[in-house]
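If you read the protein sequences in the order shown, they are chains A and B. In this text, residue positions in the first sequence follow our numbering: the first is 1, and each later residue adds one. In this text, residue positions in the second sequence follow our numbering: the first is 104, and each later residue adds one.
If you are wondering where the hints come from, they were derived from the structure by calculation, not from laboratory data. Some hints could be false.
Stated by the list, open to error - Selected chain A positions facing chain B (in silico; Cβ < 10 Å):
| # | residue |
| --- | --- |
| 1 | F36 |
| 2 | W38 |
| 3 | G44 |
| 4 | I54 |
| 5 | D55 |
| 6 | H56 |
| 7 | A60 |
| 8 | S61 |
Glycine included, each C-beta is placed from N, C-alpha and C at the ideal position.
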Amino acid sequence: MKIYSGDRTIDGVIVFVNQAHLLPDTGGAIFSDTGFEWGYDGPGPRQLAYAILIDHLGDASRAKALVPRFVEGCVARLDNEWSISSADIEAVLNSPERTGQRA
Amino acid sequence: MELVNTIMGQRQRKYREMYRERVSGWYNGWLHVMIIYLAGSSALYIYGANTVNVQWWEWLALPFGFISYQASEYILHMYVMHRPRKNVVLRALYIRHTLMHHQFFTKEEMRFADHKDWRVTFFPPFTMLGLTLLSIIPSLAAGIVISENVGWLLMAALTASYMFYELIHFCCHIDDNWLVRNMPLINTARRHHTAHHDHALMMRVNMGIGTALPDWLMGTSDLDRGFWGHLFNGYDESHVRPGLQKSFNAAGTRPVPNRQAAERN
Numbered sequence: 001m002k003i004y005s006g007d008r009t010i011d012g013v014i015v016f017v018n019q020a021h022l023l024p025d026t027g028g029a030i031f032s033d034t035g036f037e038w039g040y041d042g043p044g045p046r047q048l049a050y051a052i053l054i055d056h057l058g059d060a061s062r063a064k065a066l067v068p069r070f071v072e073g074c075v076a077r078l079d080n081e082w083s084i085s086s087a088d089i090e091a092v093l094n095s096p097e098r099t100g101q102r103a
Numbered sequence: 104m105e106l107v108n109t110i111m112g113q114r115q116r117k118y119r120e121m122y123r124e125r126v127s128g129w130y131n132g133w134l135h136v137m138i139i140y141l142a143g144s145s146a147l148y149i150y151g152a153n154t155v156n157v158q159w160w161e162w163l164a165l166p167f168g169f170i171s172y173q174a175s176e177y178i179l180h181m182y183v184m185h186r187p188r189k190n191v192v193l194r195a196l197y198i199r200h201t202l203m204h205h206q207f208f209t210k211e212e213m214r215f216a217d218h219k220d221w222r223v224t225f226f227p228p229f230t231m232l233g234l235t236l237l238s239i240i241p242s243l244a245a246g247i248v249i250s251e252n253v254g255w256l257l258m259a260a261l262t263a264s265y266m267f268y269e270l271i272h273f274c275c276h277i278d279d280n281w282l283v284r285n286m287p288l289i290n291t292a293r294r295h296h297t298a299h300h301d302h303a304l305m306m307r308v309n310m311g312i313g314t315a316l317p318d319w320l321m322g323t324s325d326l327d328r329g330f331w332g333h334l335f336n337g338y339d340e341s342h343v344r345p346g347l348q349k350s351f352n353a354a355g356t357r358p359v360p361n362r363q364a365a366e367r368n
């Protein structure tokens with residue numbers, strides 16, 4: 001099982017997968033070329049979702065298709081510093097689609 | 104120097120220590136503020152001295168300019184200061200704000216320890232010059248198309264609105280006291296801005312600092328209130344939208360409602 005974690009530091013946003021850096025251009029910068037972000041829905045969060053899903057699924061096209069669902073269910077809700085596991089990712093991908101309202 | 108009576112966590116404490124280590128030793132918050140307000144006051148004097156026989160309708164340039172600045176500040180905050188951009192200047196604003204200001208101050212500890220911490224809150228002194236240059240374009244246009252007085256008054260309103268913004272933001276990060284707790288607009292801004300510093304919400308809600316009204320208008324407020332409620336809410340937490348504070352709960356993949364919302368429900 002992998003653990004993904006992220007933090008906003010004075011030197012920039014950092015994301016790890018099992019202690020190793022997860023890079024924003026994992027799978028190509030197709031959603032954003034400005035790096036990762038989270039806590040809302042936008043290019044940075046979508047790029048983060050894409051990079052995590054590629055690492056988790058090992059399938060770029062499936063990862064790309066699942067980005068909106070994973071952003072809505074997880075990335076847009078992540079706190080300032082966060083940690084999620086492979087099991088958490090699976091739970092989000094297998095959960096019913098949300099239709100809840102967010103600011 | 105650090106606050107003694109505080110509930111801040113270790114992460115915030117370490118961040119503040121690190122930030123202070125990197126701030127130039129010669130930085131003086133009082134000098135920083137003096138430059139901003141001396142420059143602003145001088146500019147306001149010059150703009151005012153150039154108006155002649157102002158007609159009643161020309162005064163409308165003041166509220167128009169004031170509101171325009173506050174709206175611009177909301178847009179800048181929402182779409183630049185909390186969103187990484189490719190442009191070097193815009194990215195610097197994001198780093199300074201999301202990666203510095205919001206790590207230095209959290210909803211648990213919003214206060215400065217001393218004047219050296221003001222650096223992480225006030226815009227740099229050259230901002231006034233930049234704002235003045237930006238203000239010249241619409242003001243010159245208004246001066247040519249409408250009247251010279253409107254042009255000067257628009258310049259004055261934009262400058263004053265920036266100074267107002269800095270004052271309000273400063274008041275959001277000082278210790279609680281009778282004055283800020285009871286001063287209309289300031290007490291509303293303090294609660295509104297503290298909620299914005301909640302890490303679970305900061306990327307999405309309460310982007311207006313000088314006033315909460317842009318958030319009310321754009322639906323990005325944490326309050327479920329109308330115009331007047333947003334203007335004079337004060338410290339009241341009873342109108343906070345339930346279920347707003349939803350951060351990812353790794354254990355159950357379900358949103359975690361904040362305690363107040365849970366208690367209400």
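Results for each hint:
{"no.": "1", "hint": "F36", "result": "9 Å, holds"}
{"no.": "2", "hint": "W38", "result": "8 Å, holds"}
{"no.": "3", "hint": "G44", "result": "6 Å, holds"}
{"no.": "4", "hint": "I54", "result": "19 Å, violated"}
{"no.": "5", "hint": "D55", "result": "17 Å, violated"}
{"no.": "6", "hint": "H56", "result": "14 Å, violated"}
{"no.": "7", "hint": "A60", "result": "23 Å, violated"}
{"no.": "8", "hint": "S61", "result": "24 Å, violated"}
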